[in-house]
Each structure stands twice: as C-alpha cells, then as structure tokens.
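Novice: One-letter residues, chain by chain:
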Amino acid sequence: MGQRSSSSVGVLAAAAAGTWDRFWFTPTTAGRLAVVRALAGLLGILLAWSWAGDLDAWFGPDGIVSPQVLGAWRSPTALSLFDVARSSAVLWALFLVGVGLLGMLAVGVWTPIAAPLAALFWASLLHRGPMLVGPADDVLAVILWCLVVGRSGDAFSVDRRLAAAEARASWRNGLALALLRLHASVIAAAAVVAQLKADVWWNGTAAWWLAARESTRIDLTGLLAGSEIATNFVTHGIVLFEIAFAVGVWNRWTRGPVARAALVAWPLIGLVAGEPMWGAAMAILAWACLPDDSAAGTAGPPL
Amino acid sequence: MARHHTPDRDDRRRPPGAPMPPEGCAPTGPEEGAARGLVPAAEALPEALRGPASLLLGLYVVGLVLCVAGNTASGTSLLIGTVKDRLFAPWMVPLWLDLGHDTRLTYGLPEDADHHLEIRLAGKQAGKGVGQPTAALRLPAQGDHSERATRWRRLAAAAVLAEEDAEQAGVLPAAIGAGAFAAAGADDLEIRVVRSVPPDYASARSPRITETALEVRVRRRDGEVHLIPMPPAEEVAPLIDAASAPGGGN
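Sequence lines, in order, name chains A and B. Under our numbering, the very last position in the first sequence is 761; numbers go up by exactly one each time. Under our numbering, the very last position in the second sequence is 323; numbers go up by exactly one each time.
Don't take every hint at face value.
What the hints assert, rightly or not - Short derived list, chain B residues pointing at chain A, Cβ under 10 Å:
{"no.": "1", "residue": "Leu118"}
{"no.": "2", "residue": "Val141"}
{"no.": "3", "residue": "Leu160"}
{"no.": "4", "residue": "Trp164"}
{"no.": "5", "residue": "Arg211"}
{"no.": "6", "residue": "His218"}
{"no.": "7", "residue": "Arg221"}
{"no.": "8", "residue": "Arg224"}
{"no.": "9", "residue": "Arg227"}
{"no.": "10", "residue": "Leu234"}
{"no.": "11", "residue": "Ala235"}
{"no.": "12", "residue": "Ala248"}
{"no.": "13", "residue": "Ala251"}
{"no.": "14", "residue": "Ala255"}
{"no.": "15", "residue": "Gly258"}
Unchecked claim - Every beta carbon over 12 Å from chain A, so not counted as near; a handful from chain B, in silico:
{"no.": "16", "residue": "Asn144"}
{"no.": "17", "residue": "Ser150"}
{"no.": "18", "residue": "Leu151"}
{"no.": "19", "residue": "Leu152"}
{"no.": "20", "residue": "Glu191"}
{"no.": "21", "residue": "Leu194"}
{"no.": "22", "residue": "Asp261"}
{"no.": "23", "residue": "Thr285"}
{"no.": "24", "residue": "Ala286"}
{"no.": "25", "residue": "Arg290"}
{"no.": "26", "residue": "Arg292"}
{"no.": "27", "residue": "His299"}
{"no.": "28", "residue": "Pro302"}
Claimed, not checked - Derived list of chain A stretches under chain B, where covered just means 3 residues or more per stretch with a C-beta under 8 Å from a C-beta of chain B:
{"no.": "29", "stretch": "509 to 515"}
{"no.": "30", "stretch": "549 to 557"}
{"no.": "31", "stretch": "617 to 629"}
{"no.": "32", "stretch": "639 to 645"}
{"no.": "33", "stretch": "650 to 660"}
{"no.": "34", "stretch": "673 to 687"}
No lab work stands behind these hints: they were computed from the structure. Bear in mind the structure is a predicted one, so any value in this text is a computation, not a measurement. Where a beta carbon is used, it is the ideal one built from N, C-alpha and C, also for glycine.
Looking at chain A on its own, in the form it has when it is part of the complex (with noise of 0.2 Å):
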C-alpha cells in the first residue's frame, strides 16, 4: 500500500517535472519569437517618438523632471542611464542611441548584443521619468527583456541572411516564448482583479466612462449613451476576455483560439480606453502566445 502511494507519487513527481521542461526549455525555432521581435522593435520606437518632442522640457538641464523630482518619485534602487546626462547634447546622444537599438532590433542587426541594450535603454528611459510612464511603456519593457533570453535574430533578420550556417531550434527560444506567455497572463489576470475592485466594471458603465473620455480613440458614447444593454455587453465583454485570455493561454485547446482572438481584441480595448500602444503591446503577447508547430515537431506537444 505504502509502496503503491509512493510509487504514484513519483510518477506524479516525475509527470510535474516533464511538464514543467516542456513548459520552459523545449527547442523552438526562432520564427514566432523573430516576429515579436521586430513589431517590438517598432512599437518600442513608436513610443520613444512621443518622449523625443519634450524630451529637453522634461529631462534637460533645466527640466521639470530634476533630480529633485525624481527623489520624491523613484525607488532607492532605480538607477537610469540618463541621470549621467548633464547637458542636453549627452542627453540626446543617449536617446538616440537608444533608439538606434531599437530600430536594430526590429531589422535584426546584431540582435544578441542589440537586444539587451535595448532593453537597457527603455528601462533607462523609464526610470527618468516615471511619472510619464503609462501601460504599453511597462509591457514593452516586459518584452524587451524576454527577447534577451531568447535566439530572436535567427529568423527575419539581417543577422539571418548574414549567417553562413542554418538556424536551428533552441530551447532559448523556449524560455523566451513561454516566459512571454506567462507574463501575457499575469498581465491579463492582474488587469482583471484591478478592475473587479470597482462599481463600474459590476454595474456594466465601465464601457460608458471609457468611451466618454476625450483620449478614447473610437467615439462609441452615441451607441453606448443610446442603449444600456450595448454598455454594459462592452463593459461584461472586456471583462470576460481578459478572463479568458489569462486562463485560456494555459490549456493546449484554448490557446491557439483566444491568442487568435487576443490579436484583434486587445487593440480595439486599446482604442476604446485611450490605450491604444497598451492594446498593440498586449497583441504583441497575444502574439507569442500562439502554439508553436515547430516546437511540437522537436520536442513533444508543448502545454
């Protein structure tokens, strides 16, 4: 009997163990992990653009975000790039830089050393000027460091057709796919409890005060002003996606589904709530959360 127990429990052990290396270190090739790469890329410096038209009047010698500023904002343990940038020709010298990484790794130039600076940089930019920051900002540096573990230059690069020797599938790419598909998750997830702590998302006007806003990219408030039931359908909608985002990417037969879904749902969430980089970051995980062919075709089914 005791044998028995021990015996299944061993199995169970050794079942959890398989599944857990599927999960995060099954070879990949690089091709589903290459495309987040580059719309990361070009999302990143899309985002720096909307830094670059005040970034003297914010960050500069005599800007409003001053080390006195930054004191009462940021964490003892923060550090930034930019805090060594005393003049304004350093500062822009930096910024640029930065940017000249991020284009690198949406083309795929030097993606191994590109990658992590890159990631450097954002968080560099971030931490200047935290109280700047919004949601896509905080995805996208999500993203960025994720695309440091993994082999993201062996496909749709210029380092692919550069390369003498074919890419093969790696469990880098594993790692970095399925720490993207966690993070997706978790994001969906913590979105959900921040929202359920509110009236608005139970009464279903949730969609109402989101459209209503002047920063809302699609006006829905004639629709939504003249139909209650639409409202609250919208208000529910967002709700129960986020939902089944999070819960769904982890079931082999909901995944491809909802990531499909999650590619068009989480712009247009974007748009209504005047987040529309948030919702492009968000599809970008979408994205990488897609089953992967390649990697059932090596190493097993993947969760």
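Got chain A; can you put chain B on it based on the hints?
Specialist: Frame of chain A, contents of chain B only:
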C-alpha cells in the same frame, strides 16, 4: 506479445499507406536530418543546467507574483512588501520589472478623467499671457490624441494625485513652474490642472464637466522657488446676501 509501436514524428508526417523510404533517401525529420548532418540539431538545454535554470525560473515566478501583489492600488501587506523589497526589488526595480500591471482602465472616478495642464502668467503680469508660453514648452492642444499628449496628461494627473502624498505634494507643480520660467520669460506663474469629467451614464447626453483639480502659484524670488497654494474660488469669494446688499431686496 507484440509491443505496441508508437509512431515517431516522421511516421506521423508520412501519408497513410505510403511506402517506407528506402535506405539512403533524404531525411524527413530534424533529428534524422541532424544525424546525417543535413539539418542542424535542436539546441537543447544541457541536463546539468536544468536544475539551476529551474531554480532561477521558480525564483523569478515568485518575484513576479510578489511584484503584482505588492504594487496594487489597494496597498499591500507588510509581509509581502517586506519580502518583495528585501529579496526581489533590488534587482527587479533597476530592470523596470517591479510592476503591478494593475491596469484598471477606469473606475469612473474624477481622477480617471483626462487631465490637462495650463500655465498662465501670475502676479502683475496676470492676464497678459495664457496657456502655452513659448515654443520651448509646447503643451499639447485640447483634443490632441497623440501619445505625447497622453504623457502630458499623465504628468498633470500625477501632480494632482501626488497632493495626497506627504513626500510628493507640491513637488511636481513647483518643478513644472520652475521648468516653465525660462520658456515664459517670467518668474511668477500660475499652474492649473484641469480635468474634463464625463457625465454619468444616467445623463449621458450632457456635456463633460470641466473642473480645476489643482491650482498653485509658483514664484521665483532671489533664486528660490516658492509655491503658493491657491484656494478654490468659492472659498475666497465673498458671499453676498442679495437681501442685505446695498440696493438689494427691492
């Protein structure tokens, strides 16, 4: 007893009923191809590294969960805060990974409305200039939907929100004023944060309500920046009783 044969991946790719390939034909799968030196073999994590890598990943997952739990708008427990700050924040904060991801989108509260920053000349020069002082500090126009305008809105909202924090209160308005002195060509400015609050759903056809969330005067004297709070107009305006006022009550 004949053992049940589980078809390998190459078998699955072969159409049903197709003949087995003869020896020496082209490989049909990555492993087979790799063995013959035609397709590069998959790069697997060495067995010896799986344990340490799993340990690091487990630690990271714990850190991720603690960061989410420790960065909510509702606050966090002392236990979670302490563990996160001691073990994870020192390396997750510099990487900008100490994130709560609590993207609430809206709570339908005034602080979720769009905030705008206004800078005006104050003191003796009041009324001579309004809004955007010079090209050096270009505030986004009303209705600007760009990401740049969104960042200015965040700055304005952060200035209002910070008034509830003893350490941060007044810091941003003073900094905005100080940053605008040169652009405005003046040492006495009025900083206002105005928010455009949507109407309730019950009165959806009504226009948005514009309200002043923060109003301060920022002045520089002898190189020092002074922040002078400006109370709301209704607190300083005299209340006139129509009946007792001269000429009233007719």
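Novice: With reference to the structure, classify each hint as holding or not holding.
Specialist: Evaluated hints:
1. Hint on Leu118 of chain B holds. Least Cβ distance to chain A is approximately 4 Å, under the 10 Å limit.
2. Hint on Val141 of chain B holds. Least Cβ distance to chain A is approximately 5 Å, under the 10 Å limit.
3. Given the 10 Å rule on beta carbons, the hint for Leu160 of chain B is violated: about 12 Å separates it from the nearest Cβ of chain A.
4. For Trp164 of chain B, the interface hint holds, the least distance from its beta-carbon to any beta-carbon of chain A being 8 Å, beneath 10 Å.
5. A least Cβ separation of about 7 Å between Arg211 of chain B and chain A falls short of the 10 Å threshold, and the interface hint therefore holds.
6. The criterion of a C-beta within 10 Å of any C-beta in chain A is met by His218 of chain B, whose closest approach is roughly 6 Å, and the hint holds.
7. The criterion of a C-beta within 10 Å of any C-beta in chain A is met by Arg221 of chain B, whose closest approach is roughly 5 Å, and the hint holds.
8. Proximity of Arg224 of chain B to chain A holds as hinted, the smallest CB-CB distance being about 5 Å (cut-off 10 Å).
9. The beta carbon of Arg227 of chain B comes within 6 Å of a beta carbon in chain A, closer than 10 Å, and the hint placing it at the interface holds.
10. Contact between Leu234 of chain B and chain A, as hinted, is supported at the beta carbon level, the nearest pair being about 9 Å apart and thus within 10 Å.
11. This hint holds: Ala235 of chain B has a C-beta 8 Å from the nearest C-beta of chain A, less than the 10 Å allowed.
12. For Ala248 of chain B, the interface hint holds, the least distance from its beta-carbon to any beta-carbon of chain A being 5 Å, beneath 10 Å.
13. For Ala251 of chain B, the interface hint holds, the least distance from its beta-carbon to any beta-carbon of chain A being 7 Å, beneath 10 Å.
14. Given hint, Ala255 of chain B at the interface with chain A, holds; its Cβ is 6 Å from that chain's nearest Cβ, closer than 10 Å.
15. Taking 10 Å as the C-beta cut-off, the interface hint given for Gly258 of chain B is violated, the closest approach to chain A being about 13 Å.
16. Against chain A, the non-interface label of Asn144 of chain B is violated: not every CB pair exceeds 12 Å, the least being about 9 Å.
17. For Ser150 of chain B, the requirement that its beta carbon stay farther than 12 Å from each beta carbon of chain A is met, with the minimum near 15 Å.
18. Once the 12 Å rule is applied to beta carbons, Leu151 of chain B is consistent with being away from chain A; the minimum gap is 18 Å.
19. Every CB of chain A is more than 12 Å from the CB of Leu152 of chain B (nearest about 19 Å), matching its label as outside the interface.
20. Against chain A, the non-interface label of Glu191 of chain B holds: every CB pair exceeds 12 Å, the least being about 15 Å.
21. The beta carbon of Leu194 of chain B is kept farther than 12 Å from every beta carbon of chain A, the shortest such distance being approximately 18 Å.
22. Every CB of chain A is more than 12 Å from the CB of Asp261 of chain B (nearest about 17 Å), matching its label as outside the interface.
23. With a least CB separation of 16 Å from chain A, Thr285 of chain B remains clear of the 12 Å interface cut-off, as annotated.
24. For Ala286 of chain B, the requirement that its beta carbon stay farther than 12 Å from each beta carbon of chain A is met, with the minimum near 15 Å.
25. Distance check on Arg290 of chain B: its Cβ is at least 17 Å (rounded) from any Cβ of chain A, clearing the 12 Å threshold; non-interface status holds.
26. The non-interface label for Arg292 of chain B is consistent with chain A: the shortest C-beta to C-beta separation is roughly 17 Å, beyond 12 Å.
27. Against chain A, the non-interface label of His299 of chain B holds: every CB pair exceeds 12 Å, the least being about 15 Å.
28. With a least CB separation of 18 Å from chain A, Pro302 of chain B remains clear of the 12 Å interface cut-off, as annotated.
29. Coverage of a stretch by a chain is defined here by at least three residues with a beta carbon nearer than 8 Å to that chain's beta carbons; for the stretch 509 to 515 of chain A and chain B the count is 5, and the condition holds.
30. Only residues whose beta carbon comes within less than 8 Å of a beta carbon in chain B count, and the stretch 549 to 557 of chain A has 0; fewer than three means the coverage is violated.
31. Chain B is given as covering the stretch 617 to 629 of chain A, and this holds because 7 residues of the stretch bring a CB closer than 8 Å to a CB of that chain, at least three being needed.
32. With a threshold of 8 Å between beta carbons, the proposed coverage of the stretch 639 to 645 of chain A by chain B holds, since 4 of its residues qualify and at least three are required.
33. With 7 residues having a Cβ less than 8 Å from any Cβ of chain B, the stretch 650 to 660 of chain A passes the three-residue criterion, so the hint holds.
34. Coverage of a stretch by a chain is defined here by at least three residues with a beta carbon nearer than 8 Å to that chain's beta carbons; for the stretch 673 to 687 of chain A and chain B the count is 6, and the condition holds.
When each numbered hint is compared with the structure, violations occur for hints 3, 15, 16, 30.
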